[in-house]
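Enquirer: Model the full assembly from the supplied sequences, consistent with the hints where possible.
Read off the chains here:
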Amino acid sequence: MEKLIKITSTCVPLNIENVDTDQIIPARFLKATDKKGFGENLFRDWRYDKNMQPIPDFPLNQKQYAGSILVAGKNFGSGSSREHAAWALGDYGFKVVISSYFADIFKNNALNNGILPVQISEKLLEVIFEKISQNPKLELEVDLPLQKMSIPFFGLYEFFEIDSYKKQCLLEGLDDIDYLLNSKNEIEAFEIKHVDYTANQIA
Amino acid sequence: MKTIFEKIWEKHSIKKIPDGPEVLYIDRHLIHEVTSPQAFDGLRARGIRVFRPEKTFATADHNVPTMGEVSDPLSKIQLATLENNCAEFGISHFGLGHENNGVVHIIGPELGLTLPGTTIVCGDSHTATHGAFGAIAFGIGTSEVEMVLSTQCLLQTKPKTMRINVNGKLNNGVTAKDIILYIIAQLGTGGGTGYFIEYAGSTIEALSMEERMTVCNMSIEMGSRGGLVAPDQITFEYIKGRKFAPKEQAFNDAVNQWKQLSSDSDATFDKEYTFDAAKIGTMITYGTNPGMGIQLNDNIPTALKFSDESEKNGLRKALQYMDFKEGESMLGKKIDFVFIGSCTNGRIEDLRVAAEQVKGKQKAEHVTAWIVPGSHRVRIQAEEEGLIAIFKAAGIEVRQPGCSACLAMNDDKVPAGKYCVSTSNRNFQGRQGPGSRTLLASPKLAAAAAVAGKIVYPL
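Just so you know, the sequences run in chain order A and B. For the first sequence, position 172 matches number 171 in numbering that gives the first Met the number 0, and the numbering has no gaps at all. For the second sequence, position 61 matches number 60 in numbering that gives the first Met the number 0, and the numbering has no gaps at all.
Think of the hints as simulated: they come from the structure by calculation, not from any bench. Computed from a prediction, not measured in an experiment: that's the story for all the values here. Mixed in with the good hints, there may be bad ones.
As the list claims (entries may be wrong) - Taking lysine-lysine pairs in the PhoX-like style, the calculated list, with each CA pair at most 25 Å apart, reads: (1) B:K453 to A:K192; (2) B:K391 to A:K73; (3) B:K1 to B:K157; (4) B:K278 to A:K192; (5) B:K332 to B:K311; (6) A:K192 to B:K15; (7) B:K417 to A:K192; (8) B:K15 to B:K54; (9) A:K183 to B:K157; (10) A:K73 to B:K258; (11) A:K183 to B:K270; (12) B:K15 to A:K122; (13) B:K157 to A:K73; (14) A:K34 to B:K1; (15) B:K1 to A:K192; (16) B:K311 to A:K130; (17) A:K73 to B:K417; (18) B:K14 to A:K183; (19) A:K49 to B:K270; (20) B:K168 to B:K14; (21) A:K35 to A:K122; (22) B:K360 to B:K278; (23) B:K270 to B:K168; (24) A:K73 to B:K270; (25) A:K122 to B:K316; (26) B:K15 to A:K183; (27) B:K10 to A:K192; (28) A:K166 to B:K258; (29) B:K10 to B:K54; (30) B:K316 to A:K130.
Claimed, not checked - Computed, partial: chain B to chain A, Cβ under 8 Å: (31) N288; (32) L295; (33) G313; (34) R351.
C-beta atoms are modelled at their ideal positions from N, C-alpha and C, and glycine is treated no differently.
Expert: Right under this line is the structure:
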């Protein structure tokens, strides 16, 4: 996993609430057996019409918006557990998603792929949407060591939460599997005293 | 003074990382073709084997055709990849045509793989279904599938606890699907985020196992990764004699253990809601998330009902997509498709209810109606009970098991602009095919709509 420390970038504003994973990547694009290339189909049905023409008022199609930060409305990533949603965002080039609320499974999936979900207040989220619509070139800054999200030009900022284990993982580019593989002895010791009612039933 | 959730969690927690997640042991792991291939690639890249292959079971469901052979080349590759991965790593695989094949959340309980007091995960958000047995069951992403394959463990932050009580007798014709659609409409799609739910109360206790599964299945539609019901005699009787369930003395011993699984009377929950069963009516959704549901005798809300500007916009956008108007009734709305199936409502009791509605009648001419049994066993049982004959006589197509039109990964798609009354769990934009419009409802209402060709009160 790639390390993530500090991101300073312009952003793409997606001022829509309850963006579900079926919108992030529709199910018909989940047929690949590897993790690459999903960015092409990110927000596919919002980005393109049925004749594959870009829909002009969708932010990803608006030239003024670009960058490695996606700013989205409340409750981002609800619905399906498909990690393809995180792969699609990463493949497209997003490293950070800012919202006032994230669905649980999406949050884990993002973190497991080196994408940082930054939860901020609804008030600041509103301010960001407003400032970006006035000036699409405005830069946002996400500083993981300080757990701080800011709009440097206006001197506005807020601190965000992340548990210190996950923070360390992102800073060092380590994943959970590395940690678990190193815990094998403890897992085996646990298994000896753990009851499994079906163990002897399975052929 | 512990909740049932805490009791099961603590039995499976190996250790806690300071200011971090816990190492949680997983008893049962279910996999399918869509969310597992990259996890197996991960194992190969690390040069490791599956740690406990006997604890993982695979089925092909999301991407399978429900008519004829697999024709789509990408689906073919994905199904073959699952089969090859299972063979390479020594995992039981219930592929197409296997007697145990079916939708992953239908076959787990059916085969007795789903048991009280266990931890169960699957790379699918509707894993919550298995919570009906008093298990901690939740959906995971593919990186987490790789963790379970490689170590039989997950790193998880312990969620907060929520209890949802439903008390009293249900009104005539009101089903388990109506209960859960009602609860989601009350709490909203994010109301359960960060919580693990326990469903309790006299209404829940009176439900059959299959009805409890319908309720638990949709926990994720409120944002909760899981929801469970404390096991009782109804649970034990359902499990008894199932293929992989403990037998004879082992079963009796297990039941004695399982009887301990309930929340202590003085246990506290981080959040608690109580609903009166008498207030729940037949439900249907009108919008583009499962929280946008109303009772049939209510009207679609108007934007005035919401104080928040973004909620008003959310409603307007949803109604624009659905081509409905604020304040109008859903009764009498013409529909084009009916889909009865999925991990929410693809079990034998669902098919019985649907058959009762259509017996001796014909589906409306303009309606395309599909019944997709949740598994081969369900299909065989429906055949034996004469249900399939009833559906066929009514002009309704009965297909082979699979996830089908619930997420439209295969050819079972609803065309753009068409309305589908669906017994599945999500009405997101394009969920049943690009531009499709989904109305979530119970099998009872869906079957009645197939006959009437429009939204009507079921008999």
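Enquirer: State for each hint whether it applies.
Expert: Structure-based check of all given hints:
1. For the hint linking B:K453 to A:K192, the alpha-carbon distance of about 58 Å lies beyond 25 Å, and the restraint is violated.
2. Pair hint B:K391 plus A:K73 does not hold up; C-alpha atoms about 45 Å apart against a cutoff of 25 Å.
3. At roughly 14 Å between alpha-carbon atoms, B:K1 and B:K157 fall within 25 Å of each other, so this suggested pair holds.
4. Of the pairs offered as hints, the one joining B:K278 and A:K192 is violated, with about 47 Å between alpha carbons and a cut-off of 25 Å exceeded.
5. A threshold of 25 Å between alpha carbons decides the hint, and for B:K332 with B:K311 the separation of about 23 Å falls inside it, so the pair holds.
6. Note on A:K192 and B:K15: the hinted pairing holds, with a Cα-Cα distance of about 18 Å set against a maximum of 25 Å.
7. Between the alpha carbons of B:K417 and A:K192 the distance comes to roughly 55 Å, so the proposed pair goes past 25 Å and is violated.
8. Between the alpha carbons of B:K15 and B:K54 the distance comes to roughly 23 Å, so the proposed pair stays at or under 25 Å and holds.
9. Straight-line distance between C-alpha atoms of A:K183 and B:K157 comes to about 21 Å, which keeps the hinted pair within the 25 Å bound.
10. Restraint check: the Cα-Cα separation between A:K73 and B:K258 comes to about 41 Å, which exceeds 25 Å; the hinted pair is violated.
11. The suggested pairing of A:K183 with B:K270 is violated, with an alpha-carbon distance near 36 Å, which exceeds 25 Å.
12. The hinted pair formed by B:K15 and A:K122 fails the criterion: a straight-line CA distance of about 34 Å is larger than 25 Å.
13. Restraint check for B:K157 and A:K73: satisfied, since their Cα atoms lie roughly 23 Å apart, inside the 25 Å limit.
14. With a C-alpha separation of about 41 Å, the suggested pair A:K34 and B:K1 falls outside the 25 Å cut-off, and the hint is violated.
15. For the proposed pair B:K1 and A:K192, the alpha carbon gap of about 22 Å is at most 25 Å, so the pair holds.
16. Under the criterion of a C-alpha separation no larger than 25 Å, the hint pairing B:K311 with A:K130 is consistent with the structure, at around 22 Å.
17. Distance check on the hinted pair: A:K73 and B:K417 sit about 29 Å apart at the alpha-carbon level, beyond 25 Å; violated.
18. Between B:K14 and A:K183 the CA atoms are separated by roughly 12 Å; this keeps the pair inside 25 Å, and the hint holds.
19. With a C-alpha separation of about 44 Å, the suggested pairing of A:K49 with B:K270 is violated against the 25 Å cut-off.
20. A threshold of 25 Å between alpha carbons decides the hint, and for B:K168 with B:K14 the separation of about 43 Å lies outside it, so the pair is violated.
21. Straight-line distance between C-alpha atoms of A:K35 and A:K122 comes to about 36 Å, which puts the hinted pair past the 25 Å bound.
22. Taking the CA atoms of B:K360 and B:K278, the gap is about 31 Å. The hint is violated against a cut of 25 Å.
23. Restraint check: the Cα-Cα separation between B:K270 and B:K168 comes to about 24 Å, which is no more than 25 Å; the hinted pair holds.
24. Proximity of A:K73 to B:K270 is assessed by CA-CA distance (about 21 Å); at most 25 Å being required, the pair is judged to hold.
25. Using a Cα cut-off of 25 Å, the hinted pair A:K122 and B:K316 holds, with the two alpha carbons roughly 22 Å apart.
26. Note on B:K15 and A:K183: the hinted pairing holds, with a Cα-Cα distance of about 15 Å set against a maximum of 25 Å.
27. Taking the CA atoms of B:K10 and A:K192, the gap is near 10 Å; set against the 25 Å cutoff, the hint holds.
28. A hinted pair counts as satisfied when its Cα atoms are at most 25 Å apart, and A:K166 with B:K258 does not qualify at roughly 41 Å.
29. Note on B:K10 and B:K54: the hinted pairing holds, with a Cα-Cα distance of about 17 Å set against a maximum of 25 Å.
30. Note on B:K316 and A:K130: the hinted pairing holds, with a Cα-Cα distance of about 24 Å set against a maximum of 25 Å.
31. Using the Cβ-Cβ criterion of 8 Å, the hint placing B:N288 at the interface with chain A is satisfied: the shortest such distance is roughly 6 Å.
32. This hint is violated: B:L295 has a C-beta 24 Å from the nearest C-beta of chain A, more than the 8 Å allowed.
33. At a threshold of 8 Å, the smallest CB-CB gap from B:G313 to chain A is about 5 Å, leaving the interface hint in force.
34. The beta carbon of B:R351 is not positioned within 8 Å of any beta carbon in chain A (closest approach about 29 Å), and the interface hint is therefore violated.
Of the numbered hints given earlier, the model fails hints 1, 2, 4, 7, 10, 11, 12, 14, 17, 19, 20, 21, 22, 28, 32 and 34; all others are met.
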